[in-house]
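Chemist: Read off the chains here:
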Amino acid sequence: MSKIPVTVLTGYLGAGKTTLLNRILTEHHGKRYAVVVNEFGEVGIDNDLVVNADEEVFEMNNGCICCTVRGDLIRILGGLMKRKGQLDGILIETTGLADPAPVAQTFFVDDDVRQKTRLDSIVTVVDAKHLDLRLADSHEAAEQVAFADVILLNKVDLMSPAELAAVEKRIRAINPTATIHRTERCGIDLDAVLDRSAFDLQRILAVEPNFLTEDDHEHDDDIKSICLTTRQLLDGDQFVDWFQRLVAQRGVDLLRSKGILEFAGHDRRFVVQAVHMLMEGDFTGPWRSADDRYSRLVFIGRNLDEAALRAGFEACIKA
Amino acid sequence: MATDDRRNALLDKIGIVWALGTFVVAAAFDRASNHLALAGGDGAIRLAPVKPVQDVPAVLPVHAAHAGAVLSLVPDCRAGAFISGGDDGTIRRIAADGTIATVAMFAARWVDHLMAGPGVYAAGIGREIAVLDPAGQRDPLLFPLPSSAGGIALDPKGKRVAASHYGGVTLRWTAGGEQAPRSLGWRGSHLATSWSPDGRFIVTAMQENALHSWRVADGKDMRMSGYPVKVQSMSWFAKGRYLATSGSDRIVVWPFAGKDGPTGKPPLEMGHGLEGFVTRVAAHPVHDIVAAGYEDGAVILCQMGRNETLLVKRPGDGPVSALAWSPDGHHLAIGTEDGFAAVLSAADWRTN
Chain A
41 MSKIPVTVLT GYLGAGKTTL LNRILTEHHG KRYAVVVNEF GEVGIDNDLV
91 VNADEEVFEM NNGCICCTVR GDLIRILGGL MKRKGQLDGI LIETTGLADP
141 APVAQTFFVD DDVRQKTRLD SIVTVVDAKH LDLRLADSHE AAEQVAFADV
191 ILLNKVDLMS PAELAAVEKR IRAINPTATI HRTERCGIDL DAVLDRSAFD
241 LQRILAVEPN FLTEDDHEHD DDIKSICLTT RQLLDGDQFV DWFQRLVAQR
291 GVDLLRSKGI LEFAGHDRRF VVQAVHMLME GDFTGPWRSA DDRYSRLVFI
341 GRNLDEAALR AGFEACIKA
Chain B
643 MATDDRRNAL LDKIGIVWAL GTFVVAAAFD RASNHLALAG GDGAIRLAPV
693 KPVQDVPAVL PVHAAHAGAV LSLVPDCRAG AFISGGDDGT IRRIAADGTI
743 ATVAMFAARW VDHLMAGPGV YAAGIGREIA VLDPAGQRDP LLFPLPSSAG
793 GIALDPKGKR VAASHYGGVT LRWTAGGEQA PRSLGWRGSH LATSWSPDGR
843 FIVTAMQENA LHSWRVADGK DMRMSGYPVK VQSMSWFAKG RYLATSGSDR
893 IVVWPFAGKD GPTGKPPLEM GHGLEGFVTR VAAHPVHDIV AAGYEDGAVI
943 LCQMGRNETL LVKRPGDGPV SALAWSPDGH HLAIGTEDGF AAVLSAADWR
993 TN
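Chains as they are written, first to last, in this note's numbering: chain A, 41 to 359; chain B, 643 to 994.
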């Protein structure tokens, strides 16, 4: 059974989320989308498939303190599934102040949601002109950038090339794996936003972070990324054990983790991803090329101890 | 154990089958056991007379009841009618002849939990309980909830309503007037809710693959865990002595006969494990027989105290999403997510 793709739209107030939403709903792409908006939506949207969400975040009783989910989304997605065959996709708009984690975690935790829908990608609309300010005055703005698979760097017409380069550099320091598009009034081909399969293990790290450059930290952002690589073979059991322990112990600070690994004794790539403490991993297809055949791991989070992470990773190298 | 497709299914011998072309959200018989209603994800309700069997139509009349999907459907408190809730925010009454009337409207909200009791309707609508007068003489009563309703239940007399939500259950008197809510608390998200037919217990299905139950008299609670998946469906039988539940590969039955309910007692299991999990259960209104629908589309019947399982429907047609007995126990209705629907009729369902 094909699962309905769900796209999560995040972005600070005024960044242009509603503009993008309206474009998706009004352009003649021949597809039917249901839209889940928050109660305090900025602009009314004219569509019979608009659902108001209550943004009810709750903790799961599974002993995992950071494992929060959106109860209202479980209910709404369950209801929308009754329109099976009448929907091509679902868009979830979050409030400007929302942490994207509970939305993403809902897709890992709830069996029914997992069975019938798939989280396609998290799209974050960023106001290029005001990103520095936003990052300074709210931790949510950084979280939205950190969680993104696709970033629309909007309102670029108000910026000089040098300013834009600086903003992109700052985004890259937080999130080296997102696809960044420069837009004016969210003018972008919708194929670049919808149906990205960004959470599909097959597509993890489709955007390769630049593993080699040492980034100079002009801004001391709260959220950072760390990229680790090795061309030596890893011990599979040891890696999985280390990674599981790491996300269990440090999951509060680890927002997103993604990796493609080469295990000794296996021809296929092993792929992992995690949102805070929730992780999944599996052997996926063959390596694309000999050149591509090496292990890489990206962590996006707070208070990351690069030396400890590197030591833990390198300890998994097959002796 | 793998499902044996070569076995005869009861539907090969008796029963009428329809292809509705839409998700079957719910099936219900009216209180006189004369009419079947099937609620669709397309917003329509399909009606069929079920007596006599030879008059059941091969093609069902389609009545457009809601603008979006139908989310809930139950028999009206009076015979010959049903009430339904939709994602268009309306509650409608549909008579056996297809006449539709609007009972209430809640703009931009979903009516996903609906009950009809003696002289009262109750609905869970977002963060509110709505209590409605079927005669339309009294204005709706609205009671706030701490978070969105996950389920709704009425006590057997229709005097009290229970709504589940995050953190437990809230009870209210349906008569209105000055009253404080009574809260039954337990940490976690509470979904489907059921009130035992003897009025003694309230049971909720939780997000965490477990049930929680409270004794109404004193609030003493108990937890029933061990399910591999979420419990979506519960059904009482033997006058409330047993509760059959979905959420496992067999029918899980909890004994509620004693003063303390199932506290300290293991559950019973009915049926042979088929592939996959039970999604819907429906207990026969007279005999100790439970029908179970599976996620692979199979439906079985089991009788308490007997080992054999009767295959009613073979796997296929999507997960079973609707299962209901008529109040007289003569008819069983089945619906699936892929639009399969059927009704089977028999004077006596006991296996000999």
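Treat the hints loosely; a few may be bogus.
[To be verified] Listed next, with one range per pair, are the computed distances between beta-carbon atoms:
{"id": "1", "chain 1": "A", "residue 1": "T66", "chain 2": "B", "residue 2": "N851", "range": "52 to 58 Å"}
{"id": "2", "chain 1": "A", "residue 1": "Q155", "chain 2": "B", "residue 2": "G827", "range": "27 to 33 Å"}
{"id": "3", "chain 1": "B", "residue 1": "G947", "chain 2": "A", "residue 2": "D307", "range": "50 to 56 Å"}
{"id": "4", "chain 1": "B", "residue 1": "K862", "chain 2": "A", "residue 2": "D235", "range": "32 to 38 Å"}
{"id": "5", "chain 1": "A", "residue 1": "Q155", "chain 2": "B", "residue 2": "G819", "range": "42 to 48 Å"}
{"id": "6", "chain 1": "A", "residue 1": "D235", "chain 2": "B", "residue 2": "G861", "range": "46 to 52 Å"}
[Claimed, not checked] Covered stretches of chain B (in silico footprint by chain A; criterion: 3 or more residues with CB under 8 Å from a CB of chain A, positions within the stretch not fixed):
{"id": "7", "region": "663-675"}
{"id": "8", "region": "703-715"}
{"id": "9", "region": "751-757"}
{"id": "10", "region": "788-802"}
The hints are simulated quantities; they were obtained by calculation from the structure and are not laboratory data. Think of the CB as a built atom: it goes at the ideal place given N, C-alpha and C, for glycine as much as any other residue.
Chemist: Evaluate each hint against the coordinates.
Modeler: Quick rundown of the hints versus the structure:
no. : hint                           : in the structure
1   : A:T66 with B:N851: 52 to 58 Å  : violated (42 Å)
2   : A:Q155 with B:G827: 27 to 33 Å : holds (30 Å)
3   : B:G947 with A:D307: 50 to 56 Å : holds (55 Å)
4   : B:K862 with A:D235: 32 to 38 Å : violated (52 Å)
5   : A:Q155 with B:G819: 42 to 48 Å : holds (45 Å)
6   : A:D235 with B:G861: 46 to 52 Å : holds (50 Å)
7   : 663-675                        : holds (count 3)
8   : 703-715                        : holds (count 5)
9   : 751-757                        : holds (count 3)
10  : 788-802                        : holds (count 3)
Checked against the numbered hints listed earlier, the structure breaks hints 1, 4; every other hint is satisfied.
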